[in-house]
Each structure stands twice: as C-alpha cells, then as structure tokens.
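Sequence lines, in order, name chains A and B.
Okay, so the first sequence: first residue is 1479 according to the numbering used here, each after it adds one.
Okay, so the second sequence: first residue is 1405 according to the numbering used here, each after it adds one.
Derived from the structure by calculation, the hints contain no laboratory data.
No residue lacks a Cβ here, since even glycine has one placed at the ideal position from N, Cα and C.
The reader is advised that the hints may include incorrect statements.
[Said to hold, decoys possible] Capping the alpha-carbon separation at 25 Å, the derived lysine-lysine pairs in PhoX-like fashion look like this:
hint, chain 1, residue 1, chain 2, residue 2
1, B, K1593, B, K1531
2, B, K1485, B, K1469
3, A, K1504, B, K1797
4, B, K1531, B, K1797
5, B, K1797, A, K1535
6, B, K1494, B, K1523
7, B, K1469, B, K1765
8, A, K1535, B, K1792
9, B, K1642, A, K1535
10, B, K1525, B, K1536
11, B, K1774, B, K1458
12, B, K1792, B, K1765
[Claimed, not checked] Among chain A residues calculated to face chain B with C-beta under 7 Å, some are:
hint, residue
13, T1521
14, G1718
15, P1719
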Amino acid sequence: MNSVFGDRKTIIILLAPALLLYTLLKIGPVAWSLGLSFFEGNTLRGFEFVGVDNFTKFFTDDAALQSLGVSVFFALAATAGQITLGYLLALLYVFVLRKGSSLLRTIVFFPAILPTVAVALLFRSFVAVGENQGPVNDFINFFGGDSIEFLATTSGTMVTALAMTLWGSMGFYAILLYAGLLDIPDEILESAKLDGANGLKLVRHIVVPLSLPILLSSIIFSLNATLKVFDSLLALNNGGPGTSTAPLTLYMYRTAFEYAEYGYGSTIALVLTLLCLVFTLAIFRSSQRKAED
Amino acid sequence: MKAFRSRRVMVATAVALALTPLSACGGAPQQASSAAAGGTDPSSFTVLTANENKALPATLDALAKGACSAENAALPLEHQKVAQADVVQKVTLLAGQGALPAHFIAGTAMVRPAGDLGKGKLVLDYKEALEKLGAGDQLLPAAAATVENVYGGVVSLPYQYNVEGIWYNKQIFAANGIQEPKTWDELKKATAKLAQAGVMPMTQAGAAGWPLTRLMGMYIFRNAGPDAMKDIRDGKAKLTDPKYVAGAQALADLTASGALGEGFSTRDADTSTNLFLTGKAAMTYDGSWLLSSINDPKRNTIGDTNIGFMAFPAVEGGSGSIDQFAANAGAVMAMSPKQFGPKVGEWLKCISKNYGAQALKDSGTISGFKVNEEVKTLPVMTSQIQEKITELKDPVLWFEALLDPKSNSLASTNVSLLTTGQMSAQDYMSALQKSVDAAR
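Same shape as in the complex, but just chain B:
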C-alpha cells in the first residue's frame, strides 16, 4: 500500500514537472478595442521606447527642456521602456487591455492596415493629424514615402531616416588601384583583388542575418527592379523566379569566394563595425546609423575623411538603377488615437517642427523631419549623407520589409545556411516562398 501511494506521489510529481511549459502560454483573451474618433488627453505624454534606443528618449528630454517646454508644462513627458525583443508581446498585451501609452513603439506588421493594431484602428494617421495641426510639411517627402510604403500609411514618426549603401576605405581602394565599383561584376573583381592583397574585402555582421540578406535584397532590386518585393507581396512574382534565385546565388557565391572574411556568419555588429573603422576591412554595407560610430574618434581610427559612401552596384541587364538607395525610417513609433487630445496634438506639432534640428545637433542623427534651424559644425560624413538624403528620389525598401513576421524571421535565420553552403539558393527561396504563401 505504502509503495503504491509513493508511486502515486511520484507520478503526480512527474505530471507537475511536465506541466511547466504548458503554463507558459496562458493569457487572458480580450476583445480588441476600437479607436475613438476624437481622443482624450492622458495625464502625461508617455512614450514607450526600446531599451536599446538611447538617442530618442534623450532627444525628447532635450526638447521637453527647450523647444517643447510649454507642451511639457501642459502635459509632462514620461518614459516607459521595453526590450526590443519583447515589443510585439508587450504592445499586444497593452492594446488588449486598452492601456497603450500616448506614443509607443510597435512591431512592423502590427501597424499595417491588416495588422492587429491597424485593423483595430489603434494607430494614428500622422498625415491627416499633421495637416490638421498645420505641420503637414514637416516630414521629408522621401521619409513619408518610405513610411507609407512599408506600413501602408503614415503611421510611424521617422525619428531616424537611414539611407543604406557601401561604405569604403578610400586609402585601401587607392593602394590597390580600385575605383568605386559600378556593377556587380566590378564589385566581385574588386573583392578578389583585395583578398589577393591580404585585405578583408568586406565585413558584414552575419550573426544578425539581415546584414547578409541586405546584399541579396539589393542584388534583387537591381536585377528585378525596385518593385521586386512589392510583386512578391501582391503575388505577381514568386521568390523562386530566376531573378530572385539569382540574388540568393549571388550572395552565396560572394561568401564562398571569401569576400566577407573568416567567421562572417557568427560576426556581431560591434566586431564588424570595428573591422571597418580600424582599417582591417575595405568595405561594409550598412545604413547611415553607422555615422555615430564614424563620428566617434575612439572607434574610428581611419579618419572620417578617409571613408567613402557609394551606391550598391548595378546588375548588368537588370531593371533596377544604381541611383535607387535603400532607405528606412527606424522602428515604428505610433500614437494612440484614443489619447490623441489637444495637448498630445501640441506635442506632435512641436516634435515635428523641432526634432530634426535637435537630433542632428545632439547626436548627429539624421531624421525624416525637416531641419528648421541651421546646425553648424556638422561632421563631414554627416553633412554628405544629409545632403544625399535630401536629394533622395525613389528610395527602395529592404528585402524583408514587406514580408510577414514569420517569413521575415525565416529570411534572416536561413541566410546563414545559404551563405555557408548548407542550403542551395533554390531551396532557400523555396522555403521562403512556402512561408509567404502560408501567411496569405
């Protein structure tokens, strides 16, 4: 009897041990709340940002003390933080409880018209709101177009506006007799020449996945044209079509040639940036967020005047143009229509008029807002990139921009298999297309 009882106790213990993972998914289902037509001001202007983003809260604090002090007195600025990796989870829970703050970070797919927040009308249309506030011209047209293209509406404020391209070391290029490559073949020849000279031709932070898919995506945009990924979204083309597979193959060939150096698939962002800024690598494809590191003399030992910025090269016979740079507007920063009262409106107006100059002045960050005040003593590269952004026409998106969250994740994770020869270009694109089809 005793043995039987103890066995029962042990079985019960085993059941309890086994049940632990099941409790991880428990959550209270709630109805999605719909947005009110006219919002009511909250008691504070609460802004939810990612822990990893230090610049945005700091610049908003500077505005609260300076240009937006009146708005801050009427509705004090407060900060809330969330880890970047937990954004979707946190915002889903907050929105489900009707507890979204006035201004908040969100996941890309959530704010699209078919996304959870978009469908529930829980994100403000900035275009309409800014026009009503008389500040409709405060967003740079290219930035507004990028936001609209990615999210299907102007539902995010462009606190950053990044242009992407290839940054190169002028001295290394000159020492090896290399001119800015204008075509993919020229780029391949340049990487071969550099590798032969014992220089790492290009560094990418492969551990994150996206620094590799960017190269593939840009090849596809140059080859299949700027609407390549819109065609995938709209079902007009498939990722298994030859022009798309050619992009994956081009990346696989580039990595197989050793152009990205040893250990590229596990290289993190800091290591990659350091390789370039200490002169150990000749090139890197990256966004203009790299300026903060370029402008830091402790990190940049090659000097900012020694760095050049060029477009991703053209693909011979392709329908894309070398003038089309990839651009993005940083993480989604939406506003809750429910809390969009007059005081929050004043905050929005003040931010849109002053953020551009404040961010440029404080951290050299280029945003998608107009710069309404002359900012003196800008670093050389920052001025050059700012100029390029102002002239930017027809920006293209990045490879994963229009993919659903699952396919987006798959593109970044599987790229390490593609670039280390464990998955063929055809299989990579087939797996991705299958995921895209499943999400339709």
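Bound conformation, chain A alone:
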C-alpha cells in the first residue's frame, strides 16, 4: 500500500479526475468572476472594461459599506455564540452526561437539519405582533409589558437573527467539538485530576489546549458560514428594516441579479472572498503564535 501511495504517477492518476472536475466547476467560474470584476454590464447589453472603477465604487458606496459592517458584525457575534454554546454543550455531553447524552445530543442537533428558510419563518411568527401575535410578545404581555415589534428595528431583527442562528447551529458545533473532546486520552485527564486539577482548572489548562485544533477548525467553519449568511436574513426580514440588516451576500445578489450589474456584483463577491480569507488566515496566524508560545 505504501508503495502505491509513494508513487507520484499513481497519485496523479488517482487525483486527476477529481481535480479536473473541481477545477472546471469551481476554479473556472471563480476565475471568470474575478475577471468580471474589472468589467461593467451584463450578458444582454455586453461588458465594458472599467479597470478598477468597481473597486473604487465599492469603497465609496454607502450601501456596500453598510452591508460589509452587517456581515462582519453578524459573523463575529454568531461565531462567538455558536462556538461558546457548542463548546459548553460538548463539555456537558462528555463530562456531565457522559453515556446518557445521546438523547440530548439528538434533540439539540435536530434544528440543524431544518431548512433555514423554514426556521426564519418560524422565528418570524415567534416575534410577531398584532393580529397574529407570537408567543414572545404573549409572554411579555403576561408580565404586564407592551408588545415589542422586534422586526421593525435593526437591533430587534439582529437579536432575532442571532437567536435563530444559535438555535439552529449550536447542536452541530456541539457534535463537532464533542468528537474532538472524545479524542482527549482518559489517562491525561485522570492524571490531571490526581494532580488536583478539577472543574474550571481542568477545562482551562488541560481540555481547551488539547482540543484547540478542533476548536480552531470550528471557528473557521463558523466564520466562513456566517460571513456568507444569506437565506436566514433574507427570509427573516428581507435585510430590513430598510437595508440595515442586509449582509454583503444579499447586496451582491441584488446588484448582480436584480439590477443586472454583473461586474459590480462580482466585485462585491471578491471583497467577500477576501474577507473570508483574511479572517481564516488571521485565525491560523494566531494559532501558530499560540503554538510557538
């Protein structure tokens, strides 16, 4: 077996079909889109070379900068929430519930398999006011408070969107991190306990450092997923009120497909790509520094 995988030709033959398909389906359109960033127009009226005009436009476009802010805020807030809750759940599964955690794991994971749009509509109903008032406002009314129109304000919409995202994804991250925690050898934990490390001390000095690789992977997964958030914010409140919760992906979609400006749409996509790269590389860098320390 070693001789097969040690042979460069074999590796190339085995990898080539998948690599070719990946290049055709992924790299090709990406390169094409990258090129389109320097043009303006669409498939119907044709394309005109505009150099770096689209990039200049992006940094003077208030709507684009607002969307950039929404994407970054949402990604940071959602990632912090998803990873924290996911990690706490994973610790609960491994160290408290142990073998009896399977039912809770299934229940908490369940929302991850639901379609995002359905979840968004569900949460929309939860916070509704007026004729079809939802349970959240019923609860507020029960304690004597006035109904709140959550989706009429930016902060209300954002809080609802974050609650929805956390509910939907914390189970997934809990499973991911749970798998990482299971890999920590029992002997190390036992010896740490014998040395007097318990509770928070054990988690801080033993569990977190040993589960750092999976923790970092989860952060990268989460950041990349939440930076590209689209369907949940669209279905929840159409990026509103106004455009105050419209992420960069929604602005890209509207620009390219509603306003038929493919060139500028590609530029927005490129900025989003760079953003994902910057965040990912920043995490790698920080993890490397930590490893060196």
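With chain A fixed as given, assemble chain B onto it according to the hints.
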C-alpha cells in the same frame, strides 16, 4: 515537514472555503442580439409567466380551447414559468442567449427605451403591431396610456388593468358617523375617530413596502400635481423639494398616530386583506386586484355590498385632483420581435379581441382589453369598478413607477424606517434622491 505540509493543506482548504461566494457571480458574457425586422414563427406559442400568476396561464388555456382554438391548432400554446423574484435574471440570460420565448414577462426597467431589452430592440411595439393586424382599437385608451407612460411605449399587454383607491367598510363608517373623506385632513380626523372607537382605522401590508409608499405617493400627486414623478425623472424637481418631503412627512405622521394599527410594518398582504374583509379594519388602500378576494365569500365575511370604494383624498392647496386615480397594467408581458411571425400575430389578434371577456368571465379580472361580449352575472363591486375604469381619465402612476430599479427597491425598503420613526422624512427623500442622481 509533516506539520508544514498539513498547514499547507489547511490553508488550501481555507482558500477553497473562502472562494465559494466568488463563484456565485460567474457568467458568460455575450453580445446583445438585435431584433430582426420581420419575425419568424417559432414551433410553439411559448408564454413565460410568473409562478405567482395563476390567472393568466389559465385564461390563455381557456382561450386556446375556445375562441383561439384555430390559432392554437396552427401554433400550440405552451407555458414556461419563472419565480417573480428571478424575472430579471432569467430574462437577461435568455435574451443574452437569443432564447427568449415568443411572449414573456420582463422587468419594468428592462423594456423601457433605455433598458436592456428596449435598447436591443428585443420588445415588440404592440401599438404598431395591433394596428397592422386591424386590432388597434382593442386596448382601452386609459390602459394604453398607462402602459405608454410607465414603459415609454406600448411594449406590454395589459392583462390586468387595476385602479387603486381606498376601500372602506360602509357599516363601520355609518356606525361612527363618518362620511367619505374628501381631503387629507378629513381622512386624518376620520382615522382619529375610528381609533378612539377602538376600530383599526386602516390596514396596509407594510412588510412589502409598496403598500406604504402608495399612500405617500398619492399624497405627493395630490400635492405637487399628476406630473410629480415625471418631473423627478426629467430632473425638473427633486425629491427633497418641500412638496415631496411633505408627502413622506404625511405618511410618517399617519403611522405615528396609530392609524395603521399595531404591527403594520411587518404585516403581510394576506393578513392585511383579512383584517379588512373580516371587519377588523375600516379601510385599506389597495388596487382593484382586491376584487378576487372581495368576491370570495370564504374570505369576505362583511359582504360585498358593505364595501365602498373612494378616491385618495385631496390635499388642501395642492395642484392634484381627487379625480385622478392611480392605475397600473400589471406585470410587463412583452413579445419578441424575432419570433413575431404571422402565426404569433394571429395569436396576438385573438388575445386582444377575446381576453377581456374571457378574464372577466373566468376570474372577474378586469383587463386593459375591450370586452367584446356581454358578461352576465358580474359581482356588484366588479361591475362598479369596471364602470369606473371605463370612465377613467388622466390616470396617474404610482410613486416608484418611473424610478430606476435600485431607487425603486430603496423606496420600498427604507419606508419601514420612515414609518417607524427611525428615519426622518428629509433623510428618506435625500437618500432616495441620491440614488436617483446616481442612476442618471
């Protein structure tokens, strides 16, 4: 070495993950094709309509089996569907590939002379075509004028012709001693009286945005005159001028007074219609498409004879008139000149002569076509509105009608900020004017 390699693999994975959004905008650029002078018939009369529009394909099917059976035998009718939200994208791609069907839905801005389809001469001029076919008189003059005003030419068939106004509950008005308000101040007094009596004065489906901008737009038309939005398009006026800002302020004040009830900014169309048709709200500003719900006894529990229809009130001192109703001709339905051969021409002629009566008979839909056959047993409200449409003179457009797509979208999305006190009337109009200027 192993660690270095695995790090490289991880970086490559990160790059791949990050690249995903970039691939979303990939597309093959193509040259815009120009329209041929004389078209060639396709193998079928393919009609591309929005998924959401059930009535149009059904009525065309009824025509294919009835009045247009000969045309259907010569060139069979076929349907294609597209989601309303994807119309611009789909039509742009089809047109770019030279694959437009014979008859198709399109985006408003696309078919204007400066739009992508208009510029490429990819839409048929119905006025000229119908005259050549001897059916030049089959479009109602008001409908043809509305189409021409919105799109800069008769490039869409008026499968619907909707007049807009305020629908009100006669019983609620009578019980509260309210007469049809003729001025904006009277309307405000009426809403205050109704709110005091514990009745929701007016319901609007704020989630969609446009049901709110309609109120603002009508105030502007009454205040600044029927050409208010043409003046914006032509650069003769600015949305930041006092008469336009006053429109935004009037809407903000109306919503702040509680006239639209709790939760209006997230209320959807169905909920809003139900509030009115179950007697929970006294008024609603809407188009005559509401007739299909009014004529449905399952939805309308207040009875059709209990519903009145009135014009948007006048603004004191304004240059507009209360007689000017807003009208629209539904979604754009264009034809491809390239496929406009003799058989497609026969289809167009047959549709223009028979659609009006067929739609009225089948679904009570009022179209912009002449009704060439007596349709008996029409519901009360439908007859009244049909009569009003026939008498309609000087219809005005709606607020966003002449705006570019970006400004159109901004007007509808930002209105929720305006009506919930998160944006001032001046800021709302300034943002919109900035967008209009940027599109010039």
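Worksheet item: Between B:K1797 and A:K1535, does the CA-CA distance stay at or below 25 Å?
Response: Answer violated: B:K1797 to A:K1535 is near 44 Å, above 25 Å.
Worksheet item: Would the pair B:K1494 and B:K1523 pass a check requiring their Cα atoms to be no farther apart than 25 Å?
Response: Distance of about 18 Å is within 25 Å: holds.
Worksheet item: Taking 7 Å as the limit, does the beta-carbon of A:G1718 come near enough to a beta-carbon in chain B?
Response: 6 Å, holds
Discussion item. Checking one constraint from the list: CA of B:K1642 to CA of A:K1535, max 25 Å. Satisfied?
Written reply: 24 Å, holds
Worksheet item: Do the alpha carbons of B:K1531 and B:K1797 lie within 25 Å of each other, as the hint requires?
Response: 20 Å, holds
Item to complete: Closer than 7 Å between Cβ atoms is the bar; does A:P1719 clear it against chain B? Give me holds or violated.
Response: 4 Å, holds
Item to complete: Given the hint that B:K1792 pairs with B:K1765, test it: the Cα-Cα distance must not exceed 25 Å.
Response: 18 Å, holds
Item to complete: Would you check the hint for A:K1504 and B:K1797, treating anything up to 25 Å between C-alpha atoms as holding?
Response: 57 Å, violated
Worksheet entry | Given hint B:K1531 paired with B:K1593 - CA-CA distance at most 25 Å | 46 Å, violated
Worksheet item: Are the Cα positions of A:K1535 and B:K1792 separated by 25 Å at most?
Response: 49 Å, violated
Worksheet entry | Satisfaction of hint between B:K1458 and B:K1774, Cα-Cα up to 25 Å | Satisfied, since the Cα-Cα distance of roughly 21 Å is no more than 25 Å.
Discussion item. Hint check: B:K1525 vs B:K1536, CA-CA at most 25 Å. Holds or violated?
Written reply: 19 Å, holds
The structure shown violates the earlier hints numbered 1, 3, 5 and 8.
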